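Peer 1: Single-letter residue listing:
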Amino acid sequence: MSRVIGRLPASLDEKADSDAENDADRVFTDESDPIFPCYNQYPKKSIRLSVSKNSARLKSINLNDVPKKGVTTLPIRRKGFRTLEDPFRKYKVPEEVIDFIFSNLRKRDLLAVMAVCKSFYAIGTKSKNWLITDVMERPVSELALAGLMKRKIRVLRLAGAKADPMSRVNIRLYAKTMHSQCRLEFLDLSRANLTERQLLIILKPCVKLQCLSIEGNILNNEVARCISANRDLLELDISMTRGISAEGARMIVQNCTKLEQFNASWCELDKKALDVIVHNITGNIRKLSLSGSVRGYGLNGEHIDILSQKVDEVVDLDISDNGELTDASIATLVAYFPHLTQLSINRCYGIDPNMLIHLNNKASLRYLNVHGNITENNMDVFLRMCDRLRINNQLFNHTAKPVTNNDYTIWGNIMLEK
Amino acid sequence: MSDQRAAASPATADAPAAATESFYYVSGEDDVRIKVSELALGQSATIHGMISNLGYTDEQAAATPIQLKHIKGAILQMVMDWCEHHKGEPIPVEDTSIPKQVNIPEWDQKMLDGIDNEELFDFIMAANYLDVKQLLNYCCKQVAMMIKGKSPEEIREIYMIPTDEEDAAAEKEAQERAKKEAAAATAGQGPSTSTA
Numbered sequence: 001m002s003r004v005i006g007r008l009p010a011s012l013d014e015k016a017d018s019d020a021e022n023d024a025d026r027v028f029t030d031e032s033d034p035i036f037p038c039y040n041q042y043p044k045k046s047i048r049l050s051v052s053k054n055s056a057r058l059k060s061i062n063l064n065d066v067p068k069k070g071v072t073t074l075p076i077r078r079k080g081f082r083t084l085e086d087p088f089r090k091y092k093v094p095e096e097v098i099d100f101i102f103s104n105l106r107k108r109d110l111l112a113v114m115a116v117c118k119s120f121y122a123i124g125t126k127s128k129n130w131l132i133t134d135v136m137e138r139p140v141s142e143l144a145l146a147g148l149m150k151r152k153i154r155v156l157r158l159a160g161a162k163a164d165p166m167s168r169v170n171i172r173l174y175a176k177t178m179h180s181q182c183r184l185e186f187l188d189l190s191r192a193n194l195t196e197r198q199l200l201i202i203l204k205p206c207v208k209l210q211c212l213s214i215e216g217n218i219l220n221n222e223v224a225r226c227i228s229a230n231r232d233l234l235e236l237d238i239s240m241t242r243g244i245s246a247e248g249a250r251m252i253v254q255n256c257t258k259l260e261q262f263n264a265s266w267c268e269l270d271k272k273a274l275d276v277i278v279h280n281i282t283g284n285i286r287k288l289s290l291s292g293s294v295r296g297y298g299l300n301g302e303h304i305d306i307l308s309q310k311v312d313e314v315v316d317l318d319i320s321d322n323g324e325l326t327d328a329s330i331a332t333l334v335a336y337f338p339h340l341t342q343l344s345i346n347r348c349y350g351i352d353p354n355m356l357i358h359l360n361n362k363a364s365l366r367y368l369n370v371h372g373n374i375t376e377n378n379m380d381v382f383l384r385m386c387d388r389l390r391i392n393n394q395l396f397n398h399t400a401k402p403v404t405n406n407d408y409t410i411w412g413n414i415m416l417e418k
Numbered sequence: 001m002s003d004q005r006a007a008a009s010p011a012t013a014d015a016p017a018a019a020t021e022s023f024y025y026v027s028g029e030d031d032v033r034i035k036v037s038e039l040a041l042g043q044s045a046t047i048h049g050m051i052s053n054l055g056y057t058d059e060q061a062a063a064t065p066i067q068l069k070h071i072k073g074a075i076l077q078m079v080m081d082w083c084e085h086h087k088g089e090p091i092p093v094e095d096t097s098i099p100k101q102v103n104i105p106e107w108d109q110k111m112l113d114g115i116d117n118e119e120l121f122d123f124i125m126a127a128n129y130l131d132v133k134q135l136l137n138y139c140c141k142q143v144a145m146m147i148k149g150k151s152p153e154e155i156r157e158i159y160m161i162p163t164d165e166e167d168a169a170a171e172k173e174a175q176e177r178a179k180k181e182a183a184a185a186t187a188g189q190g191p192s193t194s195t196a
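Respectively, the protein sequence lines represent chains A and B. Residue 239 in full-length UniProt numbering sits at position 239 of the first sequence; the count goes up by one each step and never skips. Residue 35 in full-length UniProt numbering sits at position 35 of the second sequence; the count goes up by one each step and never skips.
Worth flagging that the hints you see were computed from the coordinates, not collected in a lab. There could be a bad hint or two in this list.
Partner residues are not named here, just some residues of chain B that face chain A (Cβ under 8 Å, in silico) [as the list claims (entries may be wrong)]:
id: 1; residue: LEU136
id: 2; residue: ILE155
id: 3; residue: ASP167
This structure is a prediction, so every number in the text was calculated from the model and none was measured. All C-beta atoms, glycine included, are put in the ideal place defined by N, C-alpha and C.
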């Protein structure tokens, strides 16, 4: 008549069936005699089961031995166990104070403390320490990247990071990263050789990028789409990337209308891509580099003419290593581009060296780089004739490059850990 | 040790009394009054706020102590000592753009070295409640120093933090126990009504 709450497996019931009715009352009312072993610390409550309390089979079961799935069993609590207690929990230290404590730690220690328990991980992830993170030249795995993206990160340098191609995150984490947004503003991925998946893990959540360098990486349409999502992009360096298509170039150039520095040198631009860039580049451009085109369809006089109409604010122009440029382009350069201060036409063998002297007449021009254009013998003459200009001042072009002289800053942000 | 300090602070307090400094009394959990100068109390933003709100005159200040019920007496004494030692110092401003550089001066270092973990956390909670920014800086720096350079295992050992699995298992056990007790309690009422 009294209903039972708990039931043991059927096999046990069978055995004790004969006794069940008779002993039922005794089972329920008898509190002093425990039916099966339990901790002595806790008060005995009557435990309801439909088996005889004398069942030997029952007594042989020790519930303490039930292994929990996948979790190591806890040690039996000793009496004095409770005296030592976690001070963080005992005093209920508020999260802001814990965050304050962690703010004194450097990243390596912060990572160690985040591995201690889930609550520390949650607090550490939000730490302001992650605003500027430098993972230069280190090996990174997909999991690490996904984790980094979730933190409040603002400046990230992964230059030269060696990607671990084998490790892959599980599909759910990947999808979650794809749909999240991060606050990254400065991202340096130069020479990082990341796999496409890793690139997407980093780039997809970025919508607030101001400066980006993916020098040396893959630049397919997916990546280009991710880049084009950053409308506030000011400096973009896609030099030496592989796989750019006209569609990708169009997406980038049409959407990033605030672009001020654009470096698209040596990225195997085919004719279509080059046309797209030249026709659609924004007028805000200050520094432009389109050097290193593929032989056969590189930058030519027509492009220069179009550029002269579009980008008249440009200050620094690098069109080196474009064999198709002719003297006519020199004339255009002198006549247009009123703000042009620095010009690089290294190794443009299509231009007659004698024509270069006319550049001396350009009022705004200050710096001229003509490596490879003038022979050793003629260099003195050239220097004397171009008395207003500084010749061959720079060896490399710094358009949109994160690092200029100082290795410790990228785009003005100090990467050194305090 | 606290007696000596209690004796010392009135002595130091008496000297500036000649220079017309006002005092307040603060008392903690154990209702022992501690005499503190107003300038020292300026270090604690909470008390500073309380004083300006209450607007005590000198006689009232002597009569009614500021009660801080949940801070232990010994800890409060030490906090007040710290305030006396650092009275008049400017309160640090939180500036996130400047990277954090906290250097613990010698006197504070000696004081912090002399207390154990429990007291340190008491200190932190008291400093948090009383909003003594510089003291909180030093205490947190001390805790961070202890964490620095340790592996997660070692940190867990020092602070007796259970791993997440242990924690989850312990919680699960507690829940199961609670459920059993609840079930037994409601069941216990069942048969008593039916049999009666």
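Peer 1: If a hint holds in the structure, say so; if it does not, say that too.
Peer 2: Hint by hint, here is what the structure shows:
Among the interface hints, the one on LEU136/B holds; its C-beta lies about 7 Å from the nearest C-beta in chain A, closer than the 8 Å criterion. Using the Cβ-Cβ criterion of 8 Å, the hint placing ILE155/B at the interface with chain A is satisfied: the shortest such distance is roughly 5 Å. The beta carbon of ASP167/B comes within 7 Å of a beta carbon in chain A, closer than 8 Å, and the hint placing it at the interface holds.
Checked against the numbered hints given earlier, the structure satisfies every one of them.
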